[in-house]
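Q: Listed below are the residues making up each chain.
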Amino acid sequence: DAGVIQSPRHEVTEMGQEVTLRCKPISGHNSLFWYRQTMMRGLELLIYFNNNVPIDDSGMPEDRFSAKMPNASFSTLKIQPSEPRDSAVYFCASSSRPTGVRSPLHFGNGTRLTVT
Amino acid sequence: GQSLEQPSEVTAVEGAIVQINCTYQTSGFYGLSWYQQHDGGAPTFLSYNALDGLEETGRFSSFLSRSDSYGYLLLQELQMKDSASYFCAVMRGGATNKLIFGTGTLLAVQP
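First to last, the protein sequences are chains A and B. Just so you know, we're using my numbering here: the first sequence kicks off at 1 and counts up by one. Just so you know, we're using my numbering here: the second sequence kicks off at 1 and counts up by one.
Chain A extracted, bound-state conformation (with noise of 0.2 Å):
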């Protein structure tokens, strides 16, 4: 089991370039989690999908962040354009239940954003 994997792993870009985050999720694992994480916010969860199906992305900041699921194995997390607030980890989690009861979610390293 190779885990959940990001890449890439640190991302420098300046302010009004494209960014995009990749994620492979643990094979079989149908639900998909985006987090992003600041020492101001702490955790916070972007978007999630069951199936590939996006079922709640309430937390996507605004119509600049936006994710796909094109296959169970596959994920993007888009920034365009991306902006100095925007700086943060982002994290990429799957669990084998839609909801992550009792079923624990599992994270990937992570992608150090840097926009200046």
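Treat each hint with caution, since some may be false.
Unchecked claim - To give a feel for the contact side, a few chain A residues facing chain B, derived at Cβ under 8 Å:
| no. | residue |
| --- | --- |
| 1 | Gly42 |
| 2 | Leu43 |
| 3 | Leu45 |
| 4 | Asp56 |
| 5 | Phe65 |
| 6 | Phe74 |
| 7 | Ser87 |
| 8 | Pro104 |
| 9 | Leu105 |
| 10 | Gly108 |
| 11 | Gly110 |
To be verified - Okay, the calculated beta carbon distance ranges per label pair:
| no. | chain 1 | residue 1 | chain 2 | residue 2 | range |
| --- | --- | --- | --- | --- | --- |
| 12 | B | Val13 | A | Met15 | 23 to 29 Å |
| 13 | B | Gln110 | A | Asn30 | 40 to 46 Å |
| 14 | A | Ser103 | B | Ser83 | 23 to 29 Å |
| 15 | B | Ser67 | A | Gly16 | 48 to 54 Å |
| 16 | A | Met40 | B | Ser67 | 31 to 37 Å |
| 17 | A | Pro8 | B | Ser67 | 45 to 51 Å |
Calculated directly from the structure, the hints in this document are not laboratory data. Note that the structure is predicted; figures quoted are calculated from it, not measured. For glycine and all other residues, C-beta sits at the position ideal for the given N, C-alpha and C.
Given the structure of chain A, go ahead and fit chain B onto it with the hints provided.
A: Quick look at chain B alone, frame taken from chain A:
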């Protein structure tokens, strides 16, 4: 809406016992989870309580009182490697179920 409150920092010595409290307010409560995160690392699952009472897993135990909207994580025989942030998280039910995290408690274990 929902809110979770945890102490921001706790300090203890090796071998001691420490309790990290979590109070919550949420609608459609399903259960309380605890996650550990070392500096620069990913959160990892520790425990889950859906019913009142104590769940024990090795040196770690977690407690839930649904009537008091309160839970805690108990760490025994503290080791230096237990220095990390600990997050409680509530599973909130409703139209779309969500796992919402608290702001975390930074535990510093001193020799």
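Q: Less than 8 Å between beta-carbons is the criterion; does leucine 45 (chain A) satisfy it with respect to chain B?
A: Holds. Min distance 6 Å.
Q: Go through the hint on aspartate 56 (chain A) and say holds or violated, using the shortest Cβ distance to chain B against 8 Å.
A: The hint holds - aspartate 56 (chain A) has a Cβ within 8 Å of chain B, the shortest such distance being about 4 Å.
Q: Given proline 104 (chain A) was flagged as interface, is its beta-carbon under 8 Å from a beta-carbon of chain B?
A: 3 Å, holds
Q: Should the interface hint for phenylalanine 65 (chain A) be scored as holding, given a Cβ-Cβ cut-off of 8 Å against chain B?
A: Hint on phenylalanine 65 (chain A): violated, closest Cβ of chain B at ~17 Å, above 8 Å.
Q: Quick one, is the phenylalanine 74 (chain A) hint okay against chain B at 8 Å, beta carbons?
A: Phenylalanine 74 (chain A) check fails; min Cβ-Cβ to chain B is 19 Å, beyond 8 Å.
Q: Please test the hint of 48 to 54 Å on the beta carbon pair from serine 67 (chain B) and glycine 16 (chain A).
A: 52 Å, holds
Q: Between serine 103 (chain A) and serine 83 (chain B), does the beta-carbon spacing fit 23 to 29 Å?
A: About 28 Å separates the Cβ atoms of serine 103 (chain A) and serine 83 (chain B), which means 23 to 29 Å holds.
Q: Taking the least C-beta to C-beta distance, is glycine 42 (chain A) closer than 8 Å to chain B?
A: 4 Å, holds
Q: Let me know if the C-beta of leucine 105 (chain A) comes in closer than 8 Å to any C-beta of chain B, holds or violated.
A: Since chain B brings a Cβ to about 7 Å from leucine 105 (chain A), closer than 8 Å, the hint holds.
Q: Holds or violated: is there a CB of chain B closer than 8 Å to the CB of glycine 110 (chain A)?
A: Holds. Min distance 6 Å.
Q: Do the beta carbons of methionine 40 (chain A) and serine 67 (chain B) sit within 31 to 37 Å of each other?
A: 32 Å, holds
Q: May I ask you to test the hint 40 to 46 Å on the CB atoms belonging to glutamine 110 (chain B) and asparagine 30 (chain A)?
A: The hint (40 to 46 Å, Cβ to Cβ) holds, given that glutamine 110 (chain B) and asparagine 30 (chain A) are roughly 43 Å apart.
Hint check: violations occur at hints 5, 6, 7 and 12; the rest are consistent with the structure.
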